[in-house]
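Participant: Given the coordinates of chain A, assemble chain B onto it according to the supplied hints.
2 protein chains.
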Amino acid sequence: MAYTAVELIELKRDRQTLPPDGIEWFIDAYTKGSIPDYQMSAMAMAIVFNGLDPDELAAWTSAMIASGDTLDFSAIPAPKVDKHSTGGVGDKISIPLAPLVAACGVAVPMMSGRGLGHTGGTLDKLESIPGFEPRIDQARFGEILRDHLVVLAGQSDTMVPADRKLYALRDATGTVASIPLISSSIMSKKLSEGLDGLVLDVKTGSGAFMDELEESRELARTMVEIGAKSGVETVALITSMDQPLGREVGNANEIRESVEVLRGAGPADVTELTLALAEVMLELAKVEGGRERLEEAVASGAALQKLKDVAAAHGGDVSVLDDTSLLEVADREAVITAPEGGFVTRCDALTIGLAATRLGAGRERKEDDIDRGVGITLSAKIGDEVTKGDPLAVVRFNDEGKWEGQRDKLASAWSISPDAPGSRALVLERIDSAQI
Amino acid sequence: MAYTAVELIELKRDRQTLPPDGIEWFIDAYTKGSIPDYQMSAMAMAIVFNGLDPDELAAWTSAMIASGDTLDFSAIPAPKVDKHSTGGVGDKISIPLAPLVAACGVAVPMMSGRGLGHTGGTLDKLESIPGFEPRIDQARFGEILRDHLVVLAGQSDTMVPADRKLYALRDATGTVASIPLISSSIMSKKLSEGLDGLVLDVKTGSGAFMDELEESRELARTMVEIGAKSGVETVALITSMDQPLGREVGNANEIRESVEVLRGAGPADVTELTLALAEVMLELAKVEGGRERLEEAVASGAALQKLKDVAAAHGGDVSVLDDTSLLEVADREAVITAPEGGFVTRCDALTIGLAATRLGAGRERKEDDIDRGVGITLSAKIGDEVTKGDPLAVVRFNDEGKWEGQRDKLASAWSISPDAPGSRALVLERIDSAQI
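Protein chains in written order, with our numbering: chain A, 1 to 436; chain B, 1 to 436.
Just chain A, same shape as in the assembly (with noise of 0.2 Å):
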């Protein structure tokens, strides 16, 4: 076979179908530098029309993959299984989580991110715990899994560069509303990881990445269905991303709730996706016990000394885990208040984690420094009912003029009902790879 990068350009872009062979060198070309960014981008925003089917996005996967270091740990006897979230706002859930898997016999080597306009990130979140570090190299990473059954790191540089190079080149050429473009980002880089096994948490709402729950079920049976044709059992969970998970929004808040959850005293939906996703996760293991094993891990303090096992293998100083109260706090405190009483119906995630990106928790640009200690504490979210004056929120921040500045915006994200809402599951549907 032989063909021009112009050729495969113009299949996608009328509407043919790629052949395998041809995906695979187009994206080792571009990988290697020989296809410039002009023609990735003109075939990305081709993909954006006219999309990728089954096979060829099963291809473009596994090009990506072929395109770094893939890890192997089939020395560690253990089930390995990860879990994904599309991400939202308060989404802590890799963090109580992947101890509490890991507590119950299955190997979790996660690889997490950093936070980047109104979501935050976990590496972000876990640098919180003070020396905790998230940059490890490969040979670490495979030791501390095999000691603890469980990694919390960054994705290392030499996997998936592809990835790398494509996801900042769509960033700069509107293509990254792209249900084939996002799964396979998001599935090349977990089929990295050597799995058996991956549970997906896919957003749905306002703080989501997609806030059409058709468009977040198109997305979650992309994902499924790669997992199957590249043999690693994927489920998907679609979870109700229209206010933040939990009480707290920001990073050592957040480092503090998870603490929280494995003391068995989480917020209610908190501990519930986590468990949740904990149970799908045991379920893939094949490991029995479900979610009263769950439970009696909590219970016994094995799941919190999971976590505080894996973070001082990274290098953390695990007494903030042990008193968070000494987790790093903002100087200035302020309270939003309701303008009135009756039930809140709406407590927007979208807002609240665009209001503590700004007020230095998050970052609008790649290079922006976080602030750790910047957060807040929801006082009441969707159903609770309040009188007027009562506090809605809790905002600890540094800087004055930036509150000043978010002050309204971030009071706007409640609205407040003589009438009490309806309610909405958190855990939406389950999607596996039996309905594909």
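One thing to keep in mind: the hints can contain errors.
[As the list claims (entries may be wrong)] Each computed DSSO-like pair below joins lysine-lysine, with the alpha-carbon atoms no more than 27 Å apart: (1) 366/A x 409/A; (2) 32/A x 165/B; (3) 286/B x 229/B; (4) 165/A x 165/B; (5) 286/B x 165/A; (6) 366/B x 388/B; (7) 165/B x 366/B.
Bear in mind the hints are in silico, worked out from the structure with no lab data behind them.
Facilitator: This is chain B only, laid out in the frame that chain A set:
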């Protein structure tokens, strides 16, 4: 206003309308290099899918024109009218047309191109006249136009640099096939010439860029509308390009045939199309006399004298125009003969154009040299009756190996049938701004 490149790409991707000042900024920044190729290629692909509406297209074309120098011949009192052809095989029309129209008092500041692929280029053909130099500066361009009312030059590097850059990018990114991008590319070049009117020869058929009539119509309508919005009255003729124009294909060959037309002894189709386009040019220039005046300019020898004058002004040795047997001719000759008797029902322009190119008369890549003495003289065209063994074409070439590779392909251009074919008009439709 302040747009980012990504915002504008996303607008077009999402079928929104690009604001005129956004288009202006995007093209200007691209020309200057502050918008990189990868953003322009994403934009171009989004335009391939979602098009440009008439107002966007007018703004896009204006921005392309504004990227470089424009010509101003207001000091020359004669009306200025030019012609553009979308290109075909044996299309030497510019060479007799421009002097003919100039001989009737209309200024024709013609800028032409080089051949690429299966079509020849007017500049390559003109260079068959020894010494002819189409690369002249703007001052000389103005002098020749003033002195002779006609100039036959290449486009200056300082005009429409955005088009030069974008055209090369489109070629490498599968974004050539877009009526708005084709239209704005053609029209930006022509509208930079400071014209009062423009006639477009939009080809349809196997040897044309577009072989479907409806597509050629849409291209014609789009360009006529751009002209109208820019205040340059534009008329398009849609003309048939199923078989080559005239009997000569090749560079020196087409100069010979052009001289025949200006002597009143050219083939019927070339003569007819030259007169039809010339009539429209007189009409656009508001010069009286129509076809009668044109025929008189041929009969009196004034038109041929104009060609000799302009060729001499470009440094050409016009003795080859007095005696065309002095034009270069390749050493070897071969004849394609009819394999059976009957009527010619097909004389395929694309096949003949490709064979001529591969024998050396054209370029497969921009950097190729051409062989001006190579040519194909058609002995039989659609509707002609032949008996077995009659010549279909006489081929002149220099490279025996190339001829061996092309002989059978060239022979396949003709179909012969016992039944005479129906006739297809040469000029199929006229599209002017009254129809938009």
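Participant: Could you run down the list of hints and mark each one as holding or not?
Facilitator: Tested hints:
1. 366/A x 409/A: Holds, at roughly 23 Å.
2. 32/A x 165/B: 25 Å, holds
3. 286/B x 229/B: 20 Å, holds
4. 165/A x 165/B: Since the Cα atoms of residue 165/A and residue 165/B sit roughly 25 Å apart, the hinted pair holds (cutoff 27 Å).
5. 286/B x 165/A: Distance ~58 Å between residue 286/B and residue 165/A Cα, so the pair is violated.
6. 366/B x 388/B: Roughly 40 Å between the alpha carbons, so the hint for residue 366/B and residue 388/B is violated.
7. 165/B x 366/B: With Cα atoms ~15 Å apart, residue 165/B and residue 366/B stay inside 27 Å; holds.
The structure does not agree with the numbered hints 5, 6 stated previously, though it agrees with the rest.
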